[in-house]
Amino acid sequence: NAGVMQNPRHLVRRRGQEARLRCSPMKGHSHVYWYRQLPEEGLKFMVYLQKENIIDESGMPKERFSAEFPKEGPSILRIQQVVRGDSAAYFCASSPLDRSTYGYTFGSGTRLTVV
Amino acid sequence: TQLLEQSPQFLSIQEGENLTVYCNSSSVFSSLQWYRQEPGEGPVLLVTVVTGGEVKKLKRLTFQFGDARKDSSLHITAAQPGDTGLYLCAGNNYGQNFVFGPGTRLSVLP
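Chains as they are written, first to last, in our numbering: chain A, 1 to 115; chain B, 1 to 110.
In isolation and in its complexed conformation, chain A is listed as follows (with noise of 0.2 angstroms):
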């Protein structure tokens, strides 16, 4: 009965290191969505994911991020070389059918802070 799983919950990196945020959806769920959040702020999308496939990265930086959702495991959003800007909670959101239109199961979040 597990939602959705996202790990780490907290992550420290240092300038120039690289980022990895893990995310396994909801059972049964194939569509994955990324957003970042800044304190005071609402979600912002960054890519939406299928099994193997980037369906809209249009959110993500073209520099330094990436994301993937391979056949086997979980979602990942990386993040190399970050900057103190990167700082954010990121979420991953997931779903049964494609953008539902009846809303998206979220996960707690990994908050990144970059020093």
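Honestly, the hints are just simulated from the structure, not real lab data.
Even glycine gets a Cβ: it sits at the ideal position worked out from N, Cα and C.
Any given hint might turn out to be false.
[What the hints assert, rightly or not] Straight-line Cα separation of at most 25 angstroms, SDA-like style, residue types lysine to any residue; simulated pairs:
| # | chain 1 | residue 1 | chain 2 | residue 2 |
| --- | --- | --- | --- | --- |
| 1 | A | K44 | B | S26 |
| 2 | B | K70 | B | S30 |
| 3 | B | K56 | B | E38 |
| 4 | A | K44 | B | Q9 |
| 5 | B | K59 | B | Y94 |
| 6 | A | K62 | A | R22 |
| 7 | A | K44 | A | P96 |
| 8 | A | K44 | B | E15 |
| 9 | A | K27 | B | V44 |
| 10 | A | K51 | A | R64 |
| 11 | A | K27 | B | L45 |
| 12 | A | K71 | B | G95 |
| 13 | B | K70 | B | N18 |
| 14 | A | K44 | B | N18 |
| 15 | A | K51 | B | Y94 |
| 16 | B | K56 | B | Q96 |
| 17 | B | K57 | B | P102 |
| 18 | A | K51 | B | V44 |
[Stated by the list, open to error] Some chain A residues judged to face chain B by a derived CB distance under 7 angstroms, without partners named:
| # | residue |
| --- | --- |
| 19 | P39 |
| 20 | E41 |
| 21 | G42 |
| 22 | F91 |
| 23 | F106 |
| 24 | G107 |
| 25 | S108 |
| 26 | G109 |
Given the structure of chain A, go ahead and fit chain B onto it with the hints provided.
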């Protein structure tokens, strides 16, 4: 780009009071959702509305979708401390990504 505005940005009330928060856009949405987010957690879906003029009730929460499907309201009756949180609205159109508003941060004091 579709944008959602929410008001008020912050709201602090006493337990037992009623309140209404708003979500507005200049764009039409095919569906609109309300989520509640507690500190340190992800948003939790409360309701989805899809029909203009639709009203949905969830215990003490009443959600309304505007006739033109551009706005929505959330009314809470007899608020309780457990209602404290960030209330987010999100809208989408068929085949498009969800757009989230900035949220209303509600604090219900005992």
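Hints versus structure:
no., hint, in the structure
1, A/K44 - B/S26, "19 angstroms, holds"
2, B/K70 - B/S30, "9 angstroms, holds"
3, B/K56 - B/E38, "22 angstroms, holds"
4, A/K44 - B/Q9, "17 angstroms, holds"
5, B/K59 - B/Y94, "29 angstroms, violated"
6, A/K62 - A/R22, "20 angstroms, holds"
7, A/K44 - A/P96, "21 angstroms, holds"
8, A/K44 - B/E15, "32 angstroms, violated"
9, A/K27 - B/V44, "17 angstroms, holds"
10, A/K51 - A/R64, "22 angstroms, holds"
11, A/K27 - B/L45, "17 angstroms, holds"
12, A/K71 - B/G95, "23 angstroms, holds"
13, B/K70 - B/N18, "24 angstroms, holds"
14, A/K44 - B/N18, "30 angstroms, violated"
15, A/K51 - B/Y94, "21 angstroms, holds"
16, B/K56 - B/Q96, "24 angstroms, holds"
17, B/K57 - B/P102, "23 angstroms, holds"
18, A/K51 - B/V44, "24 angstroms, holds"
19, P39, "11 angstroms, violated"
20, E41, "6 angstroms, holds"
21, G42, "4 angstroms, holds"
22, F91, "5 angstroms, holds"
23, F106, "3 angstroms, holds"
24, G107, "5 angstroms, holds"
25, S108, "5 angstroms, holds"
26, G109, "5 angstroms, holds"
Hints 5, 8, 14 and 19, counting from the list given before, are not met by this structure.
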